[in-house]
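Protein sequences appear in the order of chains C and D.
Counting along the first sequence from 1, when you hit position 4 you're at 3 in numbering that gives the first Met the number 0, and nothing is skipped either side.
Counting along the second sequence from 1, when you hit position 95 you're at 94 in numbering that gives the first Met the number 0, and nothing is skipped either side.
Check the hints yourself; a few may be wrong.
[Said to hold, decoys possible] Here are some of the chain C residues that sit facing chain D, going by a computed Cβ distance under 8 Å:
| no. | residue |
| --- | --- |
| 1 | D67 |
| 2 | H69 |
| 3 | T76 |
| 4 | Q77 |
| 5 | L80 |
| 6 | E83 |
| 7 | L84 |
| 8 | T87 |
[As the list claims (entries may be wrong)] Sample of chain D residues lacking proximity to chain C, with all beta carbon distances greater than 12 Å (derived):
| no. | residue |
| --- | --- |
| 9 | Y46 |
| 10 | P82 |
| 11 | Q100 |
| 12 | G132 |
To be clear, the hints were calculated from the coordinates, so they are not data collected in a lab.
Glycine included, C-beta positions come from ideal geometry on N, C-alpha and C.
The residues making up each chain are set out below.
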Amino acid sequence: MNGLSAIGAVGASVAPVSATGYLPPPDAGAGTGDTPFAAAMSGLDHVSGLQSTADSLAVQAATGRLEDVHDYTLAATQAKLATELTVTVRNKAVEAFNEIMRMNG
Amino acid sequence: MTVFHALGVAGTGVTVYRKWLDAVSDNIANMNDATTPGDPDVFRAKYVIARAVDYGQGDGGVQVGGIALGPQEGRMVYDPDNPLADEEGYVVYPDVELSSQMTQLIMAQRGYQANLSVAERARDSYQAALQLGRSA
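So here's chain D without its partners, still in its complex pose (with noise of 0.2 Å):
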């Protein structure tokens, strides 16, 4: 973008990772909805796209491509004593386990970190030029 490049593009990264972050949550906290089976309101767990701004010919950086939403079914659980079981006794939860949202919560942290670290490289490295430019 301009003379301070390395910030920008890695604002895009963080822009990202924070997206991601923000899908995991909201799958973990819509883990346990329950609907009645034909219900169409089930909840569909969201996973974020991530591609290039560019492939090669241009800035660089990141963004997100689409949001990509799980199947439709959802897992029928055999629960007769909820309000919402249908007449066989099934309740119809969302198709979201946890252990991979909690896998994908921990890459999405480390992900955010690791472009903010590069942020404050670059701007390390910046004001270090800068310096030399001050003293003489």
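With the rest of the complex left out, here is chain C (with noise of 0.2 Å):
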């Protein structure tokens, strides 16, 4: 049982190896920089995020919890500015790629 449970443990010890194994691993920011479009579309998790918070705040506002006013309209103010910021951005990145796409024709 012992020498048993110790063939387990070196077993354990060592690292599986995968089918990709052999392959570079992923880059790290592939998904947020490597093109201006990907680079925008990034830019939604943070308006989520700020979305997200301006909703929370606004449960707390209906629940009677919420300490100061201020703070679920100067959210909800920033939410809306960063929707409408990443819309143009992605108009913009949009324009550009359809220009592109005219070239070709």
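Hints in hand, dock the two standalone chains.
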């Protein structure tokens, strides 16, 4: 029993090799910056963070637990501005892309 | 904090002035609390201490550093008909001056409005910049 458990312990200490183990690991920053379009889309995470902050503060205001009225209104303003900014960036990026595609024809 | 830094900083300012308003309203509501001399439960006026979040090396903004309490002794007033008076006829009232509390109330209100107008103008500025990007 002791010998078998020792073998099990040795097996646990060796990391299992996956099928893609020989490939280099994916680039950590690949999703955020390799194209300007992808960078614009990654900004959506930040916007959704601001939106969820504003939503949770709205729930607090509705249940009467909100201490500062301005917390909710300022968070809602920031979320709205961030959304408008992301929409503008997306529109510009799509416009530029369409211009380039039109060059082909 | 983020892209809209001015809005966040103005938000911290409004929070501090809101707490100042709360402290002043508490002081004014409790200014006529009568207690017997020798009773430890004397109302002590609250003063909000505002401190910067960082002094010059970071995001900026303000926070409440602490609440200072007024003196413990209070004012002795001769009022023998009061049921709480001691055998010499004195009652203790809190050491809260209405005139200085009204001044602090005006300062807290104007500070609150000033920070909100900063937030409003910052929001209008950001919207003007977004407008520029939208048209062309």
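Hints and how they fare:
| no. | hint | result |
| --- | --- | --- |
| 1 | D67 | holds (5 Å) |
| 2 | H69 | holds (4 Å) |
| 3 | T76 | holds (5 Å) |
| 4 | Q77 | holds (5 Å) |
| 5 | L80 | holds (5 Å) |
| 6 | E83 | holds (5 Å) |
| 7 | L84 | holds (6 Å) |
| 8 | T87 | holds (4 Å) |
| 9 | Y46 | holds (20 Å) |
| 10 | P82 | holds (38 Å) |
| 11 | Q100 | holds (22 Å) |
| 12 | G132 | violated (4 Å) |
Hint violations for this structure: number 12 only, all remaining hints satisfied.
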